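Under the working numbering, think of the first position of the sequence shown as 1, with each following residue one higher.
Simulated from the structure, these hints should not be mistaken for lab results. For clarity, every value in this text was computed on a predicted model and none was experimentally measured. C-beta: ideal position from N, C-alpha, C; glycine also. Please note that a few of the clues may not be correct.
Here are the computed lysine-lysine pairs in the DSSO-like style, where the Cα-Cα straight-line distance is at most 30 Å [unchecked claim]: (1) K554 / K594; (2) K28 / K64; (3) K43 / K302; (4) K38 / K64; (5) K476 / K576; (6) K390 / K346; (7) K77 / K28.
For each label pair, taking beta carbons as the anchor points, the in silico distance ranges come out as [unchecked claim]: (8) A299 / G139: 33 to 39 Å; (9) G384 / T468: 53 to 59 Å; (10) R290 / P263: 34 to 40 Å; (11) R421 / T468: 22 to 28 Å.
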Amino acid sequence: ASYFDLSTTLAQGGVPFEAKMTHLGEQKLATGKDFDEKTGTLKPKSDALVMGEEQATGLADRLKDAPWRISEVEQKKATRKPAAPFITSTLQQEANRKIGMSARRTMQTAQKLYEQGHITYMRTDSTTLSTEAITAARGAVEARYGKEYLSPSPRQFSGKVRNAQEAHEAIRPAGTQMKTRDELKLSGDEAKLYDLIWKRTVASQMADARLLRTRATILAAEGTDDESTFRANGQVIEFPGFFRAYVEGKDDPSAALDDRDSPLPALAVDDTPEAKAVDAVGHETKPPARYTDASLVQALEKAGVGRPSTYASIIDTVVRRGYVIRDKNQLVPTFTGMAVTNLLEKNFERLVDTAFTARMEEELDGIAGGTEERVPYLERFFNGPEGLEKRIEQGVETIDPREISTMRHAKWGAYEVRVGRYGPYAAAPDGSTASLPPEAAPADLAEADIAALIDANDDERPLGIHPTAEMPILLKSGPYGPYVQLGDDEEKKPKRTSLPKGTKPEDVDLDLAVQLLNLPRTLGDHPETGQPIKANIGRYGPYVQHERTFASLKPADGDNVLTVELERALELIAQKRQKAAPLRTLGAHPESGKPIDVFEGRYGPYVKHVKTNATIPKDMDKDEITLEQAVALVDAKASKPKKKRAPRKKAS
Numbered sequence: 001a002s003y004f005d006l007s008t009t010l011a012q013g014g015v016p017f018e019a020k021m022t023h024l025g026e027q028k029l030a031t032g033k034d035f036d037e038k039t040g041t042l043k044p045k046s047d048a049l050v051m052g053e054e055q056a057t058g059l060a061d062r063l064k065d066a067p068w069r070i071s072e073v074e075q076k077k078a079t080r081k082p083a084a085p086f087i088t089s090t091l092q093q094e095a096n097r098k099i100g101m102s103a104r105r106t107m108q109t110a111q112k113l114y115e116q117g118h119i120t121y122m123r124t125d126s127t128t129l130s131t132e133a134i135t136a137a138r139g140a141v142e143a144r145y146g147k148e149y150l151s152p153s154p155r156q157f158s159g160k161v162r163n164a165q166e167a168h169e170a171i172r173p174a175g176t177q178m179k180t181r182d183e184l185k186l187s188g189d190e191a192k193l194y195d196l197i198w199k200r201t202v203a204s205q206m207a208d209a210r211l212l213r214t215r216a217t218i219l220a221a222e223g224t225d226d227e228s229t230f231r232a233n234g235q236v237i238e239f240p241g242f243f244r245a246y247v248e249g250k251d252d253p254s255a256a257l258d259d260r261d262s263p264l265p266a267l268a269v270d271d272t273p274e275a276k277a278v279d280a281v282g283h284e285t286k287p288p289a290r291y292t293d294a295s296l297v298q299a300l301e302k303a304g305v306g307r308p309s310t311y312a313s314i315i316d317t318v319v320r321r322g323y324v325i326r327d328k329n330q331l332v333p334t335f336t337g338m339a340v341t342n343l344l345e346k347n348f349e350r351l352v353d354t355a356f357t358a359r360m361e362e363e364l365d366g367i368a369g370g371t372e373e374r375v376p377y378l379e380r381f382f383n384g385p386e387g388l389e390k391r392i393e394q395g396v397e398t399i400d401p402r403e404i405s406t407m408r409h410a411k412w413g414a415y416e417v418r419v420g421r422y423g424p425y426a427a428a429p430d431g432s433t434a435s436l437p438p439e440a441a442p443a444d445l446a447e448a449d450i451a452a453l454i455d456a457n458d459d460e461r462p463l464g465i466h467p468t469a470e471m472p473i474l475l476k477s478g479p480y481g482p483y484v485q486l487g488d489d490e491e492k493k494p495k496r497t498s499l500p501k502g503t504k505p506e507d508v509d510l511d512l513a514v515q516l517l518n519l520p521r522t523l524g525d526h527p528e529t530g531q532p533i534k535a536n537i538g539r540y541g542p543y544v545q546h547e548r549t550f551a552s553l554k555p556a557d558g559d560n561v562l563t564v565e566l567e568r569a570l571e572l573i574a575q576k577r578q579k580a581a582p583l584r585t586l587g588a589h590p591e592s593g594k595p596i597d598v599f600e601g602r603y604g605p606y607v608k609h610v611k612t613n614a615t616i617p618k619d620m621d622k623d624e625i626t627l628e629q630a631v632a633l634v635d636a637k638a639s640k641p642k643k644k645r646a647p648r649k650k651a652s
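Just need the whole structure built from these sequences, with the hints factored in.
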C-alpha cells in the first residue's frame, strides 16, 4: 500500500529542527503499523486517514505560509540497562547483525578462540558470569573508563531460553585479565568476534545510560480546515554509561553515541517557529522481512527448537540442500524448499510442527534425566497410532508427487510452478513450459515474468523421430541455453545434449540433432596405449578425451565436435599433456625413492613429491633449485598437520 504524510523543517531562534505530521484536524494519519503486513491493506479496526499524493501535495503548499505554534513540550528522563553477556544464540545474532558473519562462521571462529584459550566455552544457554569474570570485567571498566562508569553493584543476569541447559557460564574472555584483541595480537575474524565478546562482557558491568527525551507538539494553520498536528522528537545522552563500550546492533560505540544524540532547540509553549520547508513524503508498506541468520536463530530459540550447538548446522543444512539461497544477508526460500515444506506439512504435519519439536526436546531431556523411559518413548514414536511407520505407509499410498511439487498463486494467474528432476519450471494451461532460473525467488516471481519465459521458449519444437531409438527428438531451451532431448517423458531422465556454441536453434534439424544425441563419438585408439579417444560436449564446451586427459576443442581454429578426426585429437591431447609435464625432474627423494619434479602452477612454481606440493620461495630460482633444497621444501610441507575435512553428509 502507498500513503503520504508531510515533513517540515522549522526554525526556532535560528536553529533548525525536523517534524512530521501526525494528524489532520482530529484524525490520525496512517503509518506503516496501520496496515496488515501480509496483505498491505488497512487493518479493519484502524480509523486512520490514508492521505493520497494529490491531497498531501496541496496541503503542503498551503501550510508553507500558514502560522505555526508550539502547543506542548514534554521532557522525560529515561535509562537504558546493558544487555546480558553472550549465550550461543545471542552471539550468533549479534555477529550476524554487526559483522556480517553467518551462524556457522561465527561458531567456527568461536571454536578457534576457545581452543586457543581466549574465550570460555561457546555452546551455552547461561548468562551467568563467574566471580572471577565479574571482578575482571569491573577492573577493566574502572581502568579504561573510570569508576563513575561502574554499575553500583556487580550485575548477574537470568536466562530466558526455553529448555535452557545451563551447564556453563556465559561466553566471555577467558582468564582474569580481560585482555583486549590488540593485547592478544588477534586479527581477521577472530579479532572481530573476540572484540564483540569483550565489549559485551565489560558493558554488562557498567552503569546504566541516562537519556533526556523531548517531544514537542506543533500546530499549523490552527483554527482552519487545514489544521494539522506535527511532532518533533529529540534526545540527549546525559550520561553514556555502558554505551561507551557497547551499543547493541552497532559496531562502533562512538558513532552510535553520535547517532543517539539528536537534540531539539530550546522550545516553549506558544513559541512560533518559522517554516523553512514543507514537503509531501510518499511511503510504501513493506512485506515481512526475510530471515537472516540472526532472526532465524532468534525464531528457533523462541520456539524452543534446537540447541546452541545445532543452530548453525540447521541453517547450514537448509542452505546446502538448496531449500534457501543466501542473498547478501538474507535467507531466500527456493521453489525446492517450498515443495519439500509442502510435502512435509501435508503428510507429516505433527512431526514438523514447532510445538512437537519443542516438546520432543523436553521429552529427550526427561529421558536423559531418568524421568522418562527411552524404549516406550521410541515405541510410541515409531509404532504408535500416529507413529512414523504408519505415516510413511499411508504416504506411499496417498502422496501424489506431481501435486506435491506443484505450486499456485493468485499473482501467477493461470500459470503453475512445478519442481521437477531438473529444478523448478513454469507451466501454462496449454502445456507449454519454461525452466526457471535457479536463483528465482518465489516471492519475486510475477505473472509477467513467467509469460516472458514461456514466450522465449516458443522455438521449442519436435524435430522428428530418432531413427534407431524410435523416440521423439525435441529442441528445448533451459536456464543454461538450448539443447536437444531424446524422448518426452520427464520422469525417465531423458538424454540431453547442449547445442555447440554458435549453433542457432533455428539451424537445428533432425540430422544434426541425431548426431548430437549420438555423442560421445569414438575417433579411434591411441597409438601408444591402445585406449579409445572420444569427442563429446561437456559443461564447458566440446572436448576430446583419452583416459583421464581432457583437451578442449578450439572452434576458432575450425574444430567441430561432430567432424574432428583422430589426428587432430592426438595433437590436442599431446599439447595438453605437454602443459601438464614437469619443467624439470630433480631426482629421487632419498627416503621414498620417488621423483621430485618442478612444475609451473597457477600461483607460481612449485616442487612435487608424490602427493605433496611445496611452493618455491620467491628468493629461490626455479631453474637453479637443487634436489637438496627441494627435499627440504617437500619434507617441511609434509610435516605440517593437515586440516581435517568434515565428512560429507548424504543429502536426503
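Here's how the hints hold up against the structure:
1. K554 / K594: violated, 36 Å
2. K28 / K64: Within the cut-off at roughly 21 Å; holds.
3. K43 / K302: With Cα atoms ~26 Å apart, K43 and K302 stay inside 30 Å; holds.
4. K38 / K64: violated, 37 Å
5. K476 / K576: violated, 34 Å
6. K390 / K346: Given that 30 Å is the threshold and the Cα spacing comes to 15 Å, the pair holds.
7. K77 / K28: Satisfied, since the Cα-Cα distance of roughly 27 Å is no more than 30 Å.
8. A299 / G139: 33 to 39 Å: holds, 37 Å
9. G384 / T468: 53 to 59 Å: holds, 55 Å
10. R290 / P263: 34 to 40 Å: Given range 34 to 40 Å: holds, Cβ gap about 36 Å.
11. R421 / T468: 22 to 28 Å: Given range 22 to 28 Å: holds, Cβ gap about 25 Å.
Checked against the numbered hints above, the structure violates hints 1, 4 and 5; every other hint is satisfied.
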